Each structure stands twice: as C-alpha cells, then as structure tokens.
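Participant: Here's the letter readout for the chains.
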Amino acid sequence: MDCAGYNQPMLLASNSIQAAEVNTLFIWVTATCGSIFLIIGIGVIFCTRRFAAKPGETEEPHQTYGDRRLEWIWTIIPCLILIALGIATVRGMTRVLPERGTGKPDLIVTGHQWWWSIEYPEHGVITANEFLIPVGKKTLIDLESADVIHSFWPPDLCPKQDMIPGHPSHLWIEPTKTGTYIGVCAEFCGTQHANMRFEIRVVPQAEFDQWIAEQKKPASPSTTSKGAELFNSLACADCHRINGTSAAGVTAPDLTHFASRSRLASGTIPNTRENIERWLRDPDSIKPGSHMPDYKLSEEDITALTDYLSTLK
Amino acid sequence: MDALTQSPSFLYRWTATLDHKKIGILYLWTSLFFFGIGGMEAMLIRIQLAVPGNTLLSPEAYNQIFTMHGTTMIFLVVMPVLIGFANYFVPLMIGARDMAFPRLNAMSYWLFLFGGLLLHFSFFAGGAPAAGWFSYAPLTDTSFSSSQGVDYWVLSLLVLGIGSVSTGINIIVTVLTLRAEGMTMRRLPLFAWMFFINAFLIVLAMPVLNASIVMLLIDRQLDAHFFFPSKGGSAVVWQHFFWMFGHPEVYIMALPAFGMISEIIPVFSRKPIFGYTFIAGSTVAIALLSFGVWAHHMFATGLGTSFNVVFAFGSMLIAIPTGIKIFNWIATMWGGSIRFCTSMCFATAFLVEFVIGGLSGVMFAVVPIDWQVTDSYFVVAHIHYVLFGGTLFAVFGALYYWFPKMSGRMLSEKLGKWHFWLTVIGFNMTFLVQHVLGLIGMPRRVYTYADNPGWALLNQISTLGAFLMFASAIVLIWNLFRSLKYGKPAGDNPWQAWTLEWATSSPPPPENFLRLPPINGRRPLWDLANPDRPDSNFINTGTSEESPRLAKPRLTAALFIASETIFFIALIVAFLVFTFKKDTAGEFAQSSLDPMRTGIFTAILVLSSFTLWLAERGMKRGASGKGWLAATIVLGAIFLGGQAVEYIGLLNNEVTINSSLFATSFFTLTGFHAFHVFLGLVALGVCGFLLIRKKPGGHAALGGVSLYWHFVDIVWLVVFAIVYLKP
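Line by line, the protein sequences give chains A and B. For the first sequence, my numbering begins at 1 and goes up steadily by one. For the second sequence, my numbering begins at 1001 and goes up steadily by one.
Isolated chain A (complex conformation) (with noise of 0.2 Å):
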C-alpha cells in the first residue's frame, strides 16, 4: 500500500488550534511524568549498587519500619503535582473540545462499515471519504455513526471522538497550515476496521468555495454510455448516490464525483483505472470482507463501468 502525496502523522504535529493545544500540554505532561520516572529509576538502580550484599554477608542489617513524616511528603508532593496537571486538564478540555452549543454544523461526518460519508447541510453537498475544510475557521463537526462503534481520528488535525449510533457527538477543527491530513477508525468496528481512513485537505476559503460550488453540481456524463447503463441494471445504483442521475442509493459511498477523488475503497489504493478495475473486478482482493458484492463482471462490463466512473469528476 503507498501512500505519495499524503502528510504523514508526525510526532507532535500541531497543525490547528486542537492539535497544537494538546501537543503543548503532552509536552508538559510527559516532562513532568518522565521526570517522576527519573526520580524513582535512578532510586531503584541506586539501590542495587549501593545496598546490594557482599559476598558471604550473613549479618542482618539494620531493621526499619517506617516513617511517617516520608509517608506524608511522598503523599503530599504527589497530590501537588497532580492537582497543576488537574488544572491543565481541565483547561486544556475546554478549549479542545469546548460543548457543541446549538448552532448548525458545518459537517456531518457518518461513519459507517468500513468508509465515511460526509455531508455539508448548509450547501447540500453530499460526498465520501474525502473532503476540504477552509484554513484558518473554526469547523463544527457533528459525527454518527450508521451501524457500529465508530471513531474519527485525523491527529495531525484534532484528537479523536467516537461515533455511537444513537449518541450523537461533536468535534470541532480550526485548521492553521493548509495540507492534506490522513484520517484513521480508531474504534474497532469489524472486519475491516483497519481500512478505513479518509482525507481532509486544507485550503484556503477561496479555494474551498470553489470546491463546494464543483461539489454542488451534479454529475454530467453522458448517460446513454454503457457504463450508465450498467450501473442501474446491475443494481449499483440501490447502494450508490449519483447526483443528478436516477441513483439515490446511501448504504455505499456517495459516487457523484468520484473521479476527483484520490484514493479508493476508503483510502486503501490509489485511484487509477487500473485499481478501478480491480476493485469491480474482485473486491475481496483488496478489501476482503467488505459489503461490496462480487458480480462477476465480464471484462467487458469493467471497461464499460470504469470509463462511467472516470467520468464522474
């Protein structure tokens, strides 16, 4: 599996105002915890050197019992230094992830088995797997789930948050670099937990409204094309959306324009013609365990289906 053109998660990268908040107070926290650490491993190998017996001791030494003022001290300074990091918690908690209010979103994230669908209510667009967000704006993200447990993990961007059928949930993202940011399931969610990623990219207002405008429009390919056909006739239009076409499926992935998209099947290979084909010619291959029936294609069937969805841009 490649993956050219993505950002990779770094260590503590801080690419908004939620990811820098929580990398700054990891930084304090893990200073402060290492340190602790520190302490108690140089008092632990100090003991094996200086207390270790000699050779052939057999006196007994010097019997202690306890202390009650060191009791107090490695009580009290404990509790000091976890009262400071309560504080940064609870700091921390309120400017990460500070509560939803009863504003509309800005996205809808659904997870569901094994890919994301995203919606952006107050333009009407519906999209899957990858998505933009304007640098520099504070996002509010509702998140769903269709099925099961999921959880939406971009952590260049922002901490994750579940989602639970039924138990609606929230994130919010200021972006402050653009890029591109990979996203994972962190909640397992079945047999194929381990591909499901999306795509945010991050770019200027401009750039983004001009995305969302492309987004809005509907597909227009030619809809006399083989490929069209097929697509009705053999069903995959009662799971997949086309906007604009007669297909108005929603348990797949949204196609209207999949051809824009980088990556297939949930970020698992890149989108070119030849993995289209792979992908219709044998899901399993790539995906095994993934609602996407086989439907024994002929080769013929494939091109014909391939070059329809090449043209979904």
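Since the hints were derived computationally from the structure, they do not count as laboratory data. Nothing here was measured: the structure is a model prediction, and the numbers come from that model. One or more hints might be untrue.
For each label pair, taking beta carbons as the anchor points, the in silico distance ranges come out as [to be verified]:
1) A:E277 / B:P1453: 26 to 32 Å
2) A:E274 / B:G1036: 42 to 48 Å
3) A:D294 / B:A1285: 56 to 62 Å
The C-beta atom is built at its ideal place from N, Cα and C for all residues, glycine as well.
Using the hints, position chain B against chain A.
Facilitator: Using the frame of chain A, we list chain B on its own:
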C-alpha cells in the same frame, strides 16, 4: 482426606482433591497452559504486523485472534494464576489447615478449566468471538457478529465468573474465621491482606459483568433491546456497565501482584516491609476508588465536560495510593543487604516497568491527551506495561520465590537469569516502541497498516522483541520441568524468610503444619531467630486477642448476598434507564401489568419471610420449627405460581421480552428474581431434609439460607415498588 492423599492413583489424587495446595497447583499449571495459547496468539499478531499489507492472517482470523488473546490472558491466565498462588499460600500464611470451603474451592477450579475449554470450543463451532475482549455493542449484535463466538464468550465468562466469586467468598471467610492464634488482622502478611481486599473487589465487581453479559445474551438470542440502538437500546449503557466491572477488574489483577512484591522485596533485602500500615491502608483506598473511575475508558464518547472532569479527577486521585506503595518498596530496599536472586530481579524490574505503565496511565487521565492517544498503540503499550511488566513480572518473582515451597526443589538460578534478561529485553523492545506508534497515529486492533514512514520499522522492532519473549518462555518452561526433576532440594526455608509458610516442610504436609511457631508479630520466624530484637520491640501490632474470628454461616451468606445485591442493582439500573426512554410499545406493556394482583402475591412472599422467622425462633426454643419451614416453602411456591400466571397473561397479550424496552427489562429483572426465589426454595428444601434426618449442620445452614431468603424478599419489595407502583 487421608484415603484420598494415600490413594495410589495419581489421577484420582489430583482430580478428586480438596486440598488447597493441590488446587492451587492445578490453577498454576492450567494458567500456564492458557498462557501458551494466549502467547501463540500474541506471536501470530506480531508476525502479521511485522510488515504492512501482510497476508499471513485474514482480517476475520486476525480479529478472532486479538479478541481471544485479550480474553484468554485476562480471564484464563492472569486471574487464575493469582488465584492459584492465593489458594496455596493464604491458608498457609494465616496458619490455617485449609480454606474455609474446600469443596467450593475445588468447584471453582473445575469451573475455571471448563470455562476456558468452553471459550476455546468456539474455534470449532463456527468461529471464536471477534468483537474485542470488551465486546462493545452494537458490534456484538447478531446482525454484525453472526457467528456464535460472542455467545461462547458470554457463556464461558458466566461460568468463570461463578468460580471467581466463589473463590472470593472463600478467601474472605477463610481469613476472617480460620486465622491461627496470635494471627490478628494487623499481623497478616501483606500478600494475604492484599488478596483479602482483592476478594471483596471480586465479589462486588464480577456480578456487574454477569448482569451485563446476561443482558447481552438476551439481546442476541431473544432479540431484546438493551444495547442495540436500532431497537431503541443504548450502546453507551453497555460501556458504562462493562467498565463498571472492567475497571475494578484491572485492580483485581494488580493488587495480588502488589502483595507478591510486598513479600519478595523484604525477604531479599533482609528488612521488614517499610510502612506496612500505609501499604495496607492504601490498598483499601485503591479498592474503594476503583469503583469510581470507570468512565475514564469513555472519555472519547461525548459524555460532556462535567462528567469527564469528575472521572479525570478520580483517575488522578487513584494514582496516589499506588505511588505510595512504590516509595515504600524502595524504602524497604534502602539500607538493606540485597540478594539478587531471580525472584528479586523480577521484583526490582517490576518497580521500573509498573511505574512506566502507571505514569502512562496518569497521562491518560489528562483528558485531552486521552482524546489523542486512546484506542491507539499508546494504550496497547500502557496496558502491557501494567499487566505484563507489572503483574506478570510480579508473578514470575513469586514463582521463583515460592516454587521451592511447593515442590521441595529450587528452580535453577542460571536458567532463571537467562529467563529474566530475555524477558526484560524482549518485553521492553516489544512495548516501548508501541508508545511511539500510538503517538504517530497507529490505531489499535488493526490487522494491517499503511506503509507510513517509520511504522514498519517500529513494528518490526516490536515483533523482534516478541520473539525474545517467546524464547524466554521456552527457558522458563524448561527450567520448570528440569527443576521439578533435578532441582536442588530446598529444605523448609531456603530464603530464610519470615512468614508462616516457611515454618513447615517443603512441600507442606496435608494438614499444613505439624506445629506452629508462636505468633506475636508480622514476622513469626524473624522473632524466633532473633529473640534479642523481635519486631514487637520496635513496632506495635496490637494484642494477640483482638480480631475475633467470625461465625461462618451468616458471614458466608452475607457475602453471597452482597454479590447478588450488586447483580440486582445492575438489572434495576438497566430497568430504570430504559423505562425513561418512552416508546408506545413500552407503555402498552406497562399497562398490561396488574399491580393489585401482584400486590397480593407480594404480601404472600412477605408472609413467607415471617413464617421463616417463626421457624427459626421455634428452633431456638427447642421446638422443631419444621411446620413453619414447610409453610415458608409453600408460600414461596405460591408466589412463583402467581408470577407464572402473570407471565402467561402477558405472553397472551403479545407482550414478550422483545416487544419493547420496558418489556425487555421487565422480564429480565422479574425473571432473574423468580430464579432466585426458585433457588431459595431448593435451598430451604435441602435444609428441611437435613433437619428431618437430623444431619449435622442443618441449623447452621438454615441460618445462612434464611438470610438469603429475606434478601430475596427485600429485593422483591424494591422491584415491586419500582416496576409496578412507580408509574
């Protein structure tokens, strides 16, 4: 007992044994067997993850394997190995002859073996469970988990749970009723004390799991509505219930390990434990707090800021009593004359590894950090540092420490050192890098991963470490078998230790002690060997007369009742949660109930408690009381009859367990109550039989059973009020 121990048949001696020492050894061997299976599963996982896009395991196979790895290691390895050591050594440490209930003890072991085999049978019955070891709903719904794996998971955990609770009750009763003279509660060796407190955790936490998985089974098999949102239930409630058990469970796996460390470090440092009272007291604090931090497993589920803050606070608080222990253990080593036998090596390494695991745990309590690293390899690293680097290292330490006592032979120190270094290097190589993997975005429970920079290399280092651990396990097993045959004879007290198990032969005779030394402090053998400076000159452990031994039957019944109370509380909470979710089908179900008629049957049940009281009062005055006892049974049976009539009426009205949320929780709650009434009737009948035939123990048994019967009636009053009268 004598006929059994002298029987020439090896098989008979071991399968029919009621001796806590043999039962302990059975637990240890069986958990070693499951450790092998869980370990092979771990090796498969690590080999599959060595390269991205690996095809060794299909996703279906991988998902079963990681689920079974977690379930096996927790329920079939860690818990039983700790229980095995407790079985062997708690009675010895308190100077007792055996556990309070030897037959119950044996049953617990065989339930463990059976439960473990039942779980693994799933491999042959269409597939092992594949929803993770905590089986989140709704993935566990039959529509998403169509094989019977999850059902096997539920049934085997129920079987195992009964065994664990029985052991918990057994340990508590043993410690409270069978201590030798002079062995007061304040003088208990810390392993005995820690396991005693741990037993309360077991008795009170396992019923929450039992209630949860019973509800899951009803959901799956009877199409009920508890946890599946598509039918109106709540997936979040499953998480709350599961972690209410799950968090105390991790302390159930940690406290006995702390006890082992508290035995090993003093002996090999040649000093008493530093700060006994604080270690003992902090254990109680941990046990109490462990019930208040469960939702830290749910920080990323959107429970709201205030909720998260409360649980973050509790989770940080619980670090304090644990930290206190670490400092006390180091203070014990300080100024000592430390012998670094393999046992002490593992105990020392424990200090470092457990602190790493504990500190990464504190990091998780900082909620925004949790939001980034939960469900990633960072948490996989954390759990293995506390469970392997912590508990299992302590178990290895205990093995080298106590093997001579159990077998009469020493384990090879040379092989022990090989085992130790291979384990330490292998373990840290495997799991230290996983912290980094989590921080660079690798989620957990994935059968493969993308070829991101650094991921393959880190995974390979982790896999290499796993091979070292595999080698260390081979060395351990080799050491065990070789030493059993050729190990140096150990004698009574090869470590010159001080607690009572060392005051007898290795292994001890069937009755444990030919003669007990005088017990005037925490280290009887130290006092014996050092009459010029006994512990009592320096530390006050109270008088030998305090800590009375309690009466067995009522204590046992009280513990059982405590456990069942938790079970019912869980079902009642589920009922309350779900009745507040209004749905019309539920309202119809509710209106089909007849509070007046049920009220009459309630009165009959309360009357049966009265007649039972009359029976006991009569017996105390010398009368037979059997008439009143018979009346109790009849009244109880009439109550059940009334319940049956009600059920039939509801079923005829088409109100079944899967009609609505209300019906689901109604039938579950009242059904389990009826089951308890039925069991009570059986128990009362058995008491009646014992009394009629004038068998010994009849009166004592009735004393316990009557407490249970009154409890069942009180539960019914609560259920009646909530279910029938509330609206």
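Participant: Sort out which numbered hints this structure fails and list those numbers smallest first.
Facilitator: none
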